[in-house]
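S.K.: Sequence:
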Amino acid sequence: MAQAAVQMDREKLSCSVCLDLLKDPVTIPCGHSYCMSCIKNFWVDKRTYSCPQCRRSFTPKPVLMKNTMFADLVEELKNAGLADAPPHHSYAEPADVSCDFCVGRKMKAFKSCLACMASYCELHLQPHFNVAPLKKHKLVEATSKLQENICPRHDEVMKIFCRTDRQCICYLCSMDEHKGHNTVSAAAERAERQTELGVDRRNIQQRIQDREKDVKVMLQRLEAIGASADEAVSDSERIFKDLICLIEKKSSEVKQKIRSQQKTDESRVTEVQEKMQQEISELRRKDTELEKLSSTEDHLHFLSSYSSWSHLSETTASSHDFTVQYYEKMTAAVSEARDKLKALLSDKWPKITLTGPEKKVQRAAEDNVFPLNAFFLDDIDEAMSVKDEAPRRFNPQTRNIRSQRPPAAAHFTPNTFHNRQHEKIRRFFFQ
1 MAQAAVQMDR EKLSCSVCLD LLKDPVTIPC GHSYCMSCIK NFWVDKRTYS CPQCRRSFTP
61 KPVLMKNTMF ADLVEELKNA GLADAPPHHS YAEPADVSCD FCVGRKMKAF KSCLACMASY
121 CELHLQPHFN VAPLKKHKLV EATSKLQENI CPRHDEVMKI FCRTDRQCIC YLCSMDEHKG
181 HNTVSAAAER AERQTELGVD RRNIQQRIQD REKDVKVMLQ RLEAIGASAD EAVSDSERIF
241 KDLICLIEKK SSEVKQKIRS QQKTDESRVT EVQEKMQQEI SELRRKDTEL EKLSSTEDHL
301 HFLSSYSSWS HLSETTASSH DFTVQYYEKM TAAVSEARDK LKALLSDKWP KITLTGPEKK
361 VQRAAEDNVF PLNAFFLDDI DEAMSVKDEA PRRFNPQTRN IRSQRPPAAA HFTPNTFHNR
421 QHEKIRRFFF Q
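Just so you know, we're using the numbering used here here: the sequence shown kicks off at 1 and counts up by one.
In case anyone wonders, no lab produced these hints; they're calculated from the structure. Be a bit skeptical, because a hint or two may be false.
As the list claims (entries may be wrong) - 20 Å max Cα-Cα, derived EDC-like pairs, lysine to aspartate or glutamate:
| # | residue 1 | residue 2 |
| --- | --- | --- |
| 1 | Lys135 | Glu122 |
| 2 | Lys145 | Asp96 |
| 3 | Lys159 | Asp176 |
| 4 | Lys250 | Asp339 |
Based on the sequences and whatever the hints tell you, model everything.
M.R.: Here it is as structure tokens:
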């Protein structure tokens, strides 16, 4: 009772702002008391001065004077051994386990007693440390589940474990419906299960370690995938730039060849044209002579002149003997190369899957690289070699590359594939 009275006195002498014992207590006109520093801070930068509890306003600002009576009471309370009030966080919140023996505002429970079936704050727990019979009680962390330890049928503490039915029971249950069952004390069953729990924890911890190692491996694989993907993008960009340069180079060569062939054909046609002009002039001259001869009245002169006149020479080859076959074949070859390149670079290329064996991935990848090496220039080179319907056969070395199968690799990675791909294209196109 004395402790309860002290608790009530402490609450009366507590500041409602800071919830601690009053320090330099002052009483404002409405009768409520506060720490001097608390009420000053509460009124800072305010136009009206009111009580934090009753909200009564004061005009002008009250003069704060120390309440000596409250100050003496606080000092006596401190001298009684309760120097400071418990901090406000020691009071029980709705979610906390509260002390079963506190009067008024309850404190947070510190321990629960399995013998008393009650929870205690630090103050009310002291008898369990000082009174001999209470020292034997089993104290546990404060819990709100003490009622679960009570047998709902006999209202007794359940201290026995029935292994037959695998449930906790009280001693009356062991003599009633659980009579003859395999029973042990709850403590003994707990000790055995505690050993099993230790084994389970070790197994779980081992699995955690194994999985952590696996996670590290996965992280390393993610880094490797990212590095390989970056390198593949870089290599692909470089390869396509090489292809663009190659196409531009071949375009320039084709243009040069066409213009060269154009000059040759134009020169030949011009030469024939000049011969035809000479032939026309000669024919017109002879036609004039024949016209004059036909109009003469001297028969002897006509016969003599006509007999000595030379017959017409063979006609120069006409223009229709020259064709545009070379240019048509060149255009067709370039178009065919374009169509093949478009087909090769369609959405179905490259047909590479990472679900199959690495050797199949290697073969599928290289099968899609070699057409670029094989067909892209063959038809154009063939068309460029055609001269006056006497086409030159394909370069045997180039033709062999088309049917050549690259050697199978012993090991394949994305990096080695892109390096090998780039080297093959570079070696064929630029050597």
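S.K.: Are the hints correct? Go through all of them and say.
M.R.: Status of the hints after comparison with the structure:
no.	hint	in the structure
1	Lys135 to Glu122	holds, 15 Å
2	Lys145 to Asp96	holds, 12 Å
3	Lys159 to Asp176	holds, 15 Å
4	Lys250 to Asp339	holds, 16 Å
Checked against the numbered hints listed earlier, the structure breaks none of them; every hint is satisfied.
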